[in-house]
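Could you build all of it, start to finish, from the sequences and the hints given here?
Take the sequence shown: its letter number 93 is residue 93 in the working numbering, and every next letter is one higher.
Just so you know, not all the hints are guaranteed correct.
Derived BS3-like pairs (lysine-lysine); straight-line CA-CA distance at most 30 Å [claimed, not checked]:
| hint | residue 1 | residue 2 |
| --- | --- | --- |
| 1 | 103 | 57 |
| 2 | 86 | 4 |
| 3 | 86 | 103 |
| 4 | 62 | 4 |
| 5 | 25 | 62 |
| 6 | 86 | 25 |
| 7 | 103 | 62 |
| 8 | 57 | 86 |
| 9 | 62 | 86 |
| 10 | 57 | 25 |
These aren't lab readings, by the way, just hints derived from the structure by calculation.
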Amino acid sequence: MKKKQLMEDLKEMETFKVDTGDEGKILQNDLEEYFINGNGDREDLTFRIELYFYAFKIFCRKPVVIDRNQFTIFFNDSLLDWNLIKLIMDDLSDFELEIEAVKEERDVLINLNFTLHY
Numbered sequence: 001m002k003k004k005q006l007m008e009d010l011k012e013m014e015t016f017k018v019d020t021g022d023e024g025k026i027l028q029n030d031l032e033e034y035f036i037n038g039n040g041d042r043e044d045l046t047f048r049i050e051l052y053f054y055a056f057k058i059f060c061r062k063p064v065v066i067d068r069n070q071f072t073i074f075f076n077d078s079l080l081d082w083n084l085i086k087l088i089m090d091d092l093s094d095f096e097l098e099i100e101a102v103k104e105e106r107d108v109l110i111n112l113n114f115t116l117h118y
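Listed below in structure tokens is the structure:
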């Protein structure tokens with residue numbers, strides 16, 4: 001049973017990778033251009049970040065926040081699949097990820113903070 005579940009998980013991971021194509025690396029390049037040189041549109045980047053994470057079934061409870069050299073995903077859950085994070089970090093490899101647990105009302109939810117150090 002465990003082997004079957006593992007195979008299904010691996011197949012799903014491969015599907016996620018195919019679904020995003022080169023968008024993660026393109027997004028990373030555009031975010032770097034925005035953070036370092038100020039080139040690009042904040043609203044467009046926010047929308048693209050949300051769509052990118054949506055492809056991984058990571059849904060936002062609040063709009064993405066872009067500030068200085070970082071952006072924050074306000075994840076709408078308290079459980080995070082580490083395999084998905086590894087796939088995302090393969091695309092956004094120039095960013096440092098900080099996972100933050102926050103209490104909102106009665107729930108503990110997760111924020112994903114991505115920081116570009118340059």
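The hints, checked one at a time:
The suggested pairing of residue 103 with residue 57 holds, with an alpha-carbon distance near 22 Å, which does not exceed 30 Å. For the hint linking residue 86 to residue 4, the alpha-carbon distance of about 21 Å falls within 30 Å, and the restraint holds. Straight-line distance between C-alpha atoms of residue 86 and residue 103 comes to about 25 Å, which keeps the hinted pair within the 30 Å bound. This hinted pair does not check out: residue 62 and residue 4 have alpha carbons roughly 36 Å apart, beyond 30 Å.
Restraint check for residue 25 and residue 62: satisfied, since their Cα atoms lie roughly 24 Å apart, inside the 30 Å limit. Between residue 86 and residue 25 the alpha-carbon distance is near 14 Å, which keeps this suggested pair within the 30 Å criterion. A hinted pair counts as satisfied when its Cα atoms are at most 30 Å apart, and residue 103 with residue 62 qualifies at roughly 14 Å. Taking the CA atoms of residue 57 and residue 86, the gap is near 14 Å; set against the 30 Å cutoff, the hint holds.
For the proposed pair residue 62 and residue 86, the alpha carbon gap of about 23 Å is at most 30 Å, so the pair holds. Under the criterion of a C-alpha separation no larger than 30 Å, the hint pairing residue 57 with residue 25 is consistent with the structure, at around 18 Å.
Of the hints listed earlier, the one the structure fails to meet is number 4.
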